[in-house]
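Undergrad: Using the hints, position chain B against chain A.
The listed protein sequences derive, respectively, from chains A and B. Everything in the first sequence is counted per our numbering, starting at 1 for the first residue and increasing by one. Everything in the second sequence is counted per our numbering, starting at 1 for the first residue and increasing by one.
No wet-lab data here; the hints were simulated from the structure. Where hints are given, some of them may not hold.
[Claimed, not checked] Cβ-Cβ distance ranges computed for the label pairs, FRET-style: (1) Gly70/A / Lys171/B: 51 to 59 Å; (2) Thr182/B / Ala72/A: 46 to 54 Å; (3) Leu8/B / Ser30/A: 32 to 40 Å; (4) Ala72/A / Thr135/B: 42 to 50 Å; (5) Thr327/A / Lys169/B: 49 to 57 Å; (6) Ser291/A / Leu35/B: 48 to 56 Å; (7) Tyr37/B / Gln320/A: 48 to 56 Å; (8) Val21/B / Gln105/A: 54 to 62 Å; (9) Gly70/A / Thr141/B: 36 to 44 Å; (10) Ile165/B / Thr330/A: 46 to 54 Å.
[What the hints assert, rightly or not] With a straight-line Cα cutoff of 25 Å, these simulated SDA-like cross-link-like pairs (lysine to any residue) come out: (11) Lys161/B / Lys224/A; (12) Lys605/A / Ala122/B; (13) Lys108/A / Gly46/B; (14) Lys45/A / Thr160/B; (15) Lys61/B / Gln116/A; (16) Lys45/A / Ala185/B; (17) Lys599/A / Lys55/B; (18) Lys224/A / Asp190/B; (19) Lys413/A / Tyr299/A; (20) Lys171/B / Ser596/A; (21) Lys61/B / Ala59/A; (22) Lys599/A / Lys171/B; (23) Lys55/B / Asn296/A; (24) Lys143/B / Ala230/A; (25) Lys56/A / Gly46/B; (26) Lys42/B / Ala28/A; (27) Lys605/A / Lys171/B; (28) Lys605/A / Lys42/B; (29) Lys108/A / Asp190/B; (30) Lys42/B / Tyr39/A; (31) Lys88/A / Lys161/B; (32) Lys161/B / Ala28/A; (33) Lys143/B / Thr96/A; (34) Lys161/B / Thr112/A; (35) Lys161/B / Asp293/A; (36) Lys61/B / Ile58/A.
Keep in mind it's a predicted model, so treat the numbers as computed, not measured. For every residue, glycine included, the Cβ atom is placed at its ideal position computed from N, Cα and C.
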Amino acid sequence: MTNQSGQVLLIVFVAVGVVLFTVLSMIAGSQIYYQSASYAQNAEKATALAEAGIDKAIASFNKTGGNYNGEAETFLGDGSYSVTVANKDAATKIITVTGYIPNKQSAKTKRTVTIQASKGVGIAFNYGLQTGEGGICMGNGAVLNGSIYSNGNVSGGNGTSITGDVYVAGGTQATADQQTDCSGVNCQDYIFGKQVSGENRQDVAQSFKPSQTKVLNKVSLKLKKTNNPANPTVRIMSDNNGKPDKNSVLATGTLLANLVSNQYGFVDVTFNSTPNLSANTTYWIMIHASSLDNSNYWYWSNDLAQSYTQGQPKWSSNWQASNPTWTSITGDLGFKAYMGGVINSINLGNGSTVNGNVHANTITGGSGVIIKKDAYYQVLGPSITVQGTKYPNSTDPPPTVFPVSDANVTDWKNQAVAGGITNGDVNGCTMTLGPRKIAGNLQLGNGCTITVKAPLWITGDIQAGNTTKFILDSSFGATSGPIIVDGTTTLGNGSDLKGSGTIGSYLLLFSNYDSSGHGDNWCFGGSQSGQAAVDAGNSSISGILYTPKGIVNLANGASFKEITAWQITLGNNAILNYDSGFASTVFSSGPSGSYSLVKGTYQVK
Amino acid sequence: MTEKGLTLVEILIAMGVAVVVGILLLSVMINSAGLFYRESSKLQEGLNINDALSKVRQSTKQSSGVIASYTYGGTTYTSSATQVVLKIPALDNLGNIISNTNDYIVFFQDQNKLRYKLFPDAQSSRKSQDQIFSTSVDSLTFKYLNSQNPPNEVTPVSATKVRIILSLKQKNGQTIETNTATSEAALRND
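Chain A extracted, bound-state conformation:
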C-alpha cells in the first residue's frame, strides 16, 4: 500500500517539475525577448538622440559662427546626449555625438554618431577639359589623360591622344530665345520650398512661348537661397489648359544647389535630353523643391511689372496629384530659355586616337584617326575608324553647365572685400596676400612665391614673370581657395598654382575676363588668336584654371590638370593629367558661410 501511493506521488512530482520547468523557461524566454526588444528600442532612441545632437551642433555652429565646442551632457526626452567637436581643417569640423538611455552616468544603451560639417562649398570638376561655346583648339601631339566636355567645337592637331571620353554638345544659340528679368522696386522675392502664409509652395512654374521651332538646350533661372536646401528638380512640361501637364514631362534636369548663393544670380540648368519645342506654343519651366522646410528654402526673383507677355507663373502643392491645383502668381519669374540647333563637331588631325567613347553631332578628321570605343553621331567622316559600336542618328549630347556660378563668385568677392581693400597696383615678389581685394594690378617679377590666403580678388591684371608660384596657405588643409581676376592674367614659363599641400586642396585661378569680343580664333577659321584671359606659357599648372567667358592659352609643352574655360587653346605637345580629386573639391567660405553636413561622412557606432 505505502509503496504504491509513493509511486503516484513521484509521478506527480515529476509532472509538476516538468510543468514548472516549462513555465519558468517561458517566463525566462519572454524576459529575454522583452530585454532584446527594449534594447533594440533603446538603441533606436539613442541613435535618434545622437542625431538630435548633430542637428543641435550644426545649428549652434551657424548661430555662433563656428564658436561652439560641444556639450558634456544635455537631457532630452528619455535620455541624454553629449557632443564633442574636433577641427579637421580650416573649414571642416568633426562632430561626435553619443546618445545615452537613460543617462550618461548609468547608460543602459548608447550609440555614437560621427559626422563632418563644413562651411565650404563643394564644387565638382568632372572633366579634365570643360569648355563653353568657344570650344577647344589643340596643337599637334597633345596628350589628354582625362575626359573632355565641350559645348563648342573641338579641333585637335596631328597625333592627338585622348584617354577618356569626348562629349561635344549640340550648340546653343548665343542669345536667349525667351527671357524676362525685373528692375528696381519691381523686383520682389517669390519664396518656395517652404510653407508661406498657409500655402505649401513645393512646385513653382513659369510658362513661356518659344519664337522658333528648335530644341531647348538650357534654361537659366534667377534664384537665391536661405541656408542649404537640397537640389531641386527642374522639368520642362507641356501646357494643359493653362497648367503644366503632369503627363507630359519633356525633359528633367537637376538644379545644383551649390551654384546658388544668398544673392540673386542667373543659374543655368541643363537637362537629361534636349526636347524639341514648337514655335508659339506654351511650355512650362517647373521647379520641384525636394521638401517644404522652414529653414532651408528658395527665392525666385519675381517681376511685379509683369513685363513678360508670353507666359505667366503659377504654384502648386503637388504637381503629381490626380488633379493638381495650380494657382496664379502675380508677376513674372526671372528666366532665360536658350534654344539649340547649332551643329558642333570634333575634328582630329592625322593619326589621332581616342581611347574612350566619342559623342558629337559630327566626327571628322584626317587619316588614321581611331576611336577605340563607341561613336555616337549624326555625321561620321570617312577616314575615322571606330573599333567599338557605331551609333548613327544619335541625338547631340546636351550642353553642360559650368561648376562655378556667378553667385559663388559674388560670395568670394564679398569675403575678399571683408578682408580689406588695397587701392592701387601691388608690386613685389615673395609675399603673403589675402583675403583681400586689390583694386589695381598685381605685378610680379621672376621666381616669386606668393602665399595666398584665399579669396584674393584683383580687379586689374596679373603679370607674373617666369617660375612664379602661387601657393594656397597651409591653414586651408584639404579645402581649396580661389584667386579672382577681373582682367587678364599672364604667367611666365614654369609658373604654377599649388594647393595647401594637403591632398584634395587646389588653388583656383578664376578670370572674369571676356575674350569673346577680342578677335576670332585661328583654329576655327578666324584670322588671329583671341585675347586670352589666361596666358600661362609652357608652365606645369597643378591648380584649376577657370575662365567662363575667356580663352585660356597654353604654349607648347605645357602641362595642366584641369581647365574650365569658354575656349581653350593648347600649343603642341600639351599634356593633361586629370586628378580624380577635382570631382570633389571643397572651397572654404567666409564667416558668412553656413555649416552643413558633408555627404558620406555619417558613421554610427
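TA: Coordinates of chain B only, in the frame set by chain A:
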C-alpha cells in the same frame, strides 16, 4: 499471516486510478512541452526579426547609396525586390573615412535563409562577414523610396530610403507560425 492480500477488485481500481492519473499527467507534460516549443520558436523568430531589421537599418543609414549590382568571386548581387546591395564608405584603422573607397554590403534571401555579406575594400579596416540572420524566411521584400512625402517607389539606384518587409514562417506541430515585420531607414550618406 496477519496481512491479507489485495482483492482483484482493489487492484483493478488502483490500476484504473493510476492509469487515469498517468494519462492526465502525461497530457499535461506533452501540452506544456508543445507550448514551450511553440513559444520559444516564436521568441526565436521575434529575436531574429529584431536583429535582422536593426542590422538592415544600421547598414542603410551608413550607406552612401544603393548600387545596381556588385560582383565578387564570380557571383553577382543585383539590387532588386529581394536583394539589396549597399555601398558604405570604407574606414581606416583609426575609424576615419577613406575617400572614394567603398565597402559593399548585401542582404539577400538564400532559400529560407536571410543572409548578410560584407565585402570590404582592400584598404578598409572592416572585416569580411557572412552571417545568417534567420533560417525560416518565408518572404523578403525590399522597397526603394525617394524623399518625397508620401514617398514614391523608385529604381534602386535613385533610392534615398530603403524599406524592408520580412516574413518568417515556422512549422509548429500542426500549425504554421508566420511573423511579419516592416522597417525602413534613410540613406544618411547619400
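Undergrad: It remains to establish, for every hint, whether it holds in the given structure.
TA: The hints, checked one at a time:
1. Gly70/A / Lys171/B: 51 to 59 Å: holds, 54 Å
2. Thr182/B / Ala72/A: 46 to 54 Å: About 38 Å separates the Cβ atoms of Thr182/B and Ala72/A, which means 46 to 54 Å is violated.
3. Leu8/B / Ser30/A: 32 to 40 Å: Check failed, 51 Å falls outside 32 to 40 Å.
4. Ala72/A / Thr135/B: 42 to 50 Å: Between Ala72/A and Thr135/B, where Cβ atoms are some 45 Å apart, the hint holds.
5. Thr327/A / Lys169/B: 49 to 57 Å: holds, 51 Å
6. Ser291/A / Leu35/B: 48 to 56 Å: Holds, at about 50 Å.
7. Tyr37/B / Gln320/A: 48 to 56 Å: holds, 51 Å
8. Val21/B / Gln105/A: 54 to 62 Å: holds, 57 Å
9. Gly70/A / Thr141/B: 36 to 44 Å: holds, 41 Å
10. Ile165/B / Thr330/A: 46 to 54 Å: For Thr330/A against Ile165/B, whose Cβ atoms are near 48 Å apart, the range 46 to 54 Å holds.
11. Lys161/B / Lys224/A: violated, 28 Å
12. Lys605/A / Ala122/B: Measuring from Cα to Cα gives roughly 21 Å; hence the hint holds.
13. Lys108/A / Gly46/B: It holds: about 21 Å lies between the C-alpha atoms, which stays within 25 Å.
14. Lys45/A / Thr160/B: holds, 21 Å
15. Lys61/B / Gln116/A: holds, 15 Å
16. Lys45/A / Ala185/B: Roughly 14 Å between the alpha carbons, so the hint for Lys45/A and Ala185/B holds.
17. Lys599/A / Lys55/B: holds, 22 Å
18. Lys224/A / Asp190/B: holds, 24 Å
19. Lys413/A / Tyr299/A: holds, 21 Å
20. Lys171/B / Ser596/A: violated, 51 Å
21. Lys61/B / Ala59/A: Answer holds: Lys61/B to Ala59/A is near 22 Å, not above 25 Å.
22. Lys599/A / Lys171/B: Distance ~46 Å between Lys599/A and Lys171/B Cα, so the pair is violated.
23. Lys55/B / Asn296/A: violated, 32 Å
24. Lys143/B / Ala230/A: Roughly 23 Å between the alpha carbons, so the hint for Lys143/B and Ala230/A holds.
25. Lys56/A / Gly46/B: violated, 35 Å
26. Lys42/B / Ala28/A: holds, 14 Å
27. Lys605/A / Lys171/B: violated, 37 Å
28. Lys605/A / Lys42/B: Violated: Lys605/A and Lys42/B sit about 29 Å apart, past 25 Å.
29. Lys108/A / Asp190/B: Measuring from Cα to Cα gives roughly 31 Å; hence the hint is violated.
30. Lys42/B / Tyr39/A: holds, 18 Å
31. Lys88/A / Lys161/B: The hint is violated at about 29 Å.
32. Lys161/B / Ala28/A: It is violated: about 37 Å lies between the C-alpha atoms, which goes past 25 Å.
33. Lys143/B / Thr96/A: The hint is violated at about 31 Å.
34. Lys161/B / Thr112/A: holds, 21 Å
35. Lys161/B / Asp293/A: Holds, at roughly 19 Å.
36. Lys61/B / Ile58/A: At roughly 19 Å apart (the allowed maximum being 25 Å), Ile58/A and Lys61/B satisfy the hint.
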